[in-house]
Every structure is written in structure tokens, then in C-alpha cells.
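Numbering (the numbering used here), first residue to last: 1 to 208.
Be aware that one or more of the hints could be misleading.
Unchecked claim - Distance condition first, Cα-Cα at most 30 Å in a straight line; then the derived DSBU-like pairs of lysine-lysine: (1) K96 <-> K118; (2) K21 <-> K118; (3) K162 <-> K118; (4) K120 <-> K162; (5) K122 <-> K91; (6) K7 <-> K61; (7) K118 <-> K61; (8) K118 <-> K167; (9) K94 <-> K162; (10) K61 <-> K96; (11) K91 <-> K7; (12) K61 <-> K167; (13) K122 <-> K21; (14) K21 <-> K61; (15) K94 <-> K122; (16) K94 <-> K118; (17) K122 <-> K162; (18) K21 <-> K120; (19) K120 <-> K91; (20) K91 <-> K61; (21) K61 <-> K162; (22) K96 <-> K162; (23) K7 <-> K118; (24) K21 <-> K167.
Claimed, not checked - Per label pair, the in silico range of CB-to-CB distance: (25) E207 <-> E103: 37 to 47 Å; (26) S100 <-> G182: 18 to 28 Å; (27) N98 <-> E15: 22 to 32 Å; (28) E56 <-> G182: 42 to 52 Å.
What the hints contain is simulated information worked out from the structure, not anything from laboratory work.
All of these numbers come straight from a predicted model, not from anything done at the bench.
Every residue, glycine too, gets a C-beta built ideally from N, C-alpha and C.
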Amino acid sequence: MTMESLKNAIGVIAEKIDENKEYLIQLDQQNGDGDLGISMSSGIHAVQDYLASNGETDLGKTLNRCGDFFNEAAPSSLGTIIAFFFKGMAKSLKGKENCSVLELAESMQAGLDNVIQKAKSKPGEKTILDSLTPGVAALREYAGEPDAFTRAARAAREGSEKTRRMKAVWGRAAYYGENSVGILDGGSVVGALVFEALDEMKRNEEEE
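Using the sequences provided together with the hints, build the complete structure.
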């Protein structure tokens with residue numbers, strides 16, 4: 001990953017979020033306040049706008065600022081979690097102007113670790129971690145393979161689907177208790193969309 005590919009990745013993720021904005025709103029209306037699609041779109045576009053004018057070459061410094069911009073534009077619990085994820089990645093990539101797929105995966109793991117530490121959350125609690133965690137694990141495991149991003153996207157989507165069987169622990173959804181079982185978690189869908197966007201970007205690059 002270079003600064004240019006980071007910009008491209010954020011652009012593709014923004015498109016993917018926008019394509020699914022109404023779907024995310026519908027999911028969130030089942031046990032949340034219904035603004036998930038709006039807040040995620042606002043957050044990723046704020047990051048995209050920042051990157052468009054960013055002259056920094058250090059991936060770590062840039063990702064740290066991405067976290068700030070996302071959190072400011074998407075003031076919500078998920079917005080804060082994604083900011084933690086960006087900032088965890090930032091520490092791992094500090095001083096680097098490019099990184100390999102494995103280094104990217106390891107920085108994502110650092111992002112997950114930062115979320116778990118700061119948010120006191122963990123996989124299995126019906127959150128974005130339930131898709132990001134298996135997605136990152138697959139990317140790390142298959143980093144040297146040509147289909148690494150495809151495997152990661154598949155793992156993230158499967159992780160998201162598993163949230164249907166989970167009881168919500170955090171946020172407004174937690175108020176529904178056992179009634180949250182059977183409902184797909186919107187945050188986990190966001191995580192799956194991120195990996196699917198990265199997979200699409202990788203395949204498009206290969207076709208060019």
C-alpha cells in the first residue's frame with residue numbers, strides 16, 4: 001500500500017458505503033436509531049476529502065488524521081470505534097511510505113487491538129469486530145496469496161452473518177436483550193463492506 005493506493009481504497013470504500021446507505025439505515029432501524037448509513041457515509045467522505053488535499057507521505061501520520069476526521073464527521077459509538085481502528089493502524093505504520101499486504105494486515109490487527117483496549121469490546125458481542133476480526137485474520141494468513149483479499153472479504157461477510165445468532169451487548173441494541181437475537185448487526189455489515197471494497201479494488205487493479 002502506498003499513499004496513492006490508500007486514497008484509492010478510501011474512494012472505493014466510500015462508493016461501497018454509499019451504495020449500501022439505505023440498507024444500513026434499514027438494519028439500524030431494527031434496534032438502533034437508524035442513522036448508521038448516514039454517519040458512515042459522512043465519516044468516510046470526510047476522510048476522502050482530507051486525503052484529497054493531504055500532502056503527507058507518512059502512512060502512519062495520515063491514518064492518524066483519518067481517525068480524527070472520521071470521528072468528527074461521524075460522532076457515534078461506531079464512529080469512535082473506527083477512529084480507534086485507524087489510530088491503531090497508524091501506530092503500526094508510523095514512518096512508512098509504503099507497506100506490503102502482510103504489513104497492512106498486521107497494521108489492521110494493531111487497529112483491532114486498539115479497539116479492544118480502548119472500547120473494552122471483543123468479538124462475539126454483535127459489533128463490527130465480528131466481521132473485522134475474521135477478515136483481518138484471513139488477510140494475515142493468506143497475505144502471500146493472490147486471492148488474499150477475496151478470502152478476507154469472504155471471512156468478513158461470514159463473520160457478519162454470524163451476528164444474527166448473537167445477543168447485543170453494546171449500544172441501543174443492548175436494550176433489546178434476547179430480542180436482538182436473529183437480527184443482523186449493521187456495524188458488522190460495515191466491516192464486511194470494507195473488505196469487499198478492498199477486494200474489488202484489488203481485482204480491478206489486476207484487470208487494468
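Verification of the supplied hints:
{"no.": "1", "hint": "K96 <-> K118", "in the structure": "holds, 24 Å"}
{"no.": "2", "hint": "K21 <-> K118", "in the structure": "holds, 27 Å"}
{"no.": "3", "hint": "K162 <-> K118", "in the structure": "holds, 24 Å"}
{"no.": "4", "hint": "K120 <-> K162", "in the structure": "holds, 21 Å"}
{"no.": "5", "hint": "K122 <-> K91", "in the structure": "holds, 20 Å"}
{"no.": "6", "hint": "K7 <-> K61", "in the structure": "holds, 14 Å"}
{"no.": "7", "hint": "K118 <-> K61", "in the structure": "holds, 20 Å"}
{"no.": "8", "hint": "K118 <-> K167", "in the structure": "holds, 21 Å"}
{"no.": "9", "hint": "K94 <-> K162", "in the structure": "violated, 34 Å"}
{"no.": "10", "hint": "K61 <-> K96", "in the structure": "holds, 9 Å"}
{"no.": "11", "hint": "K91 <-> K7", "in the structure": "holds, 19 Å"}
{"no.": "12", "hint": "K61 <-> K167", "in the structure": "violated, 37 Å"}
{"no.": "13", "hint": "K122 <-> K21", "in the structure": "holds, 26 Å"}
{"no.": "14", "hint": "K21 <-> K61", "in the structure": "holds, 29 Å"}
{"no.": "15", "hint": "K94 <-> K122", "in the structure": "holds, 25 Å"}
{"no.": "16", "hint": "K94 <-> K118", "in the structure": "holds, 20 Å"}
{"no.": "17", "hint": "K122 <-> K162", "in the structure": "holds, 14 Å"}
{"no.": "18", "hint": "K21 <-> K120", "in the structure": "holds, 28 Å"}
{"no.": "19", "hint": "K120 <-> K91", "in the structure": "holds, 19 Å"}
{"no.": "20", "hint": "K91 <-> K61", "in the structure": "holds, 8 Å"}
{"no.": "21", "hint": "K61 <-> K162", "in the structure": "violated, 34 Å"}
{"no.": "22", "hint": "K96 <-> K162", "in the structure": "violated, 35 Å"}
{"no.": "23", "hint": "K7 <-> K118", "in the structure": "holds, 27 Å"}
{"no.": "24", "hint": "K21 <-> K167", "in the structure": "holds, 24 Å"}
{"no.": "25", "hint": "E207 <-> E103: 37 to 47 Å", "in the structure": "violated, 25 Å"}
{"no.": "26", "hint": "S100 <-> G182: 18 to 28 Å", "in the structure": "violated, 40 Å"}
{"no.": "27", "hint": "N98 <-> E15: 22 to 32 Å", "in the structure": "holds, 24 Å"}
{"no.": "28", "hint": "E56 <-> G182: 42 to 52 Å", "in the structure": "holds, 45 Å"}
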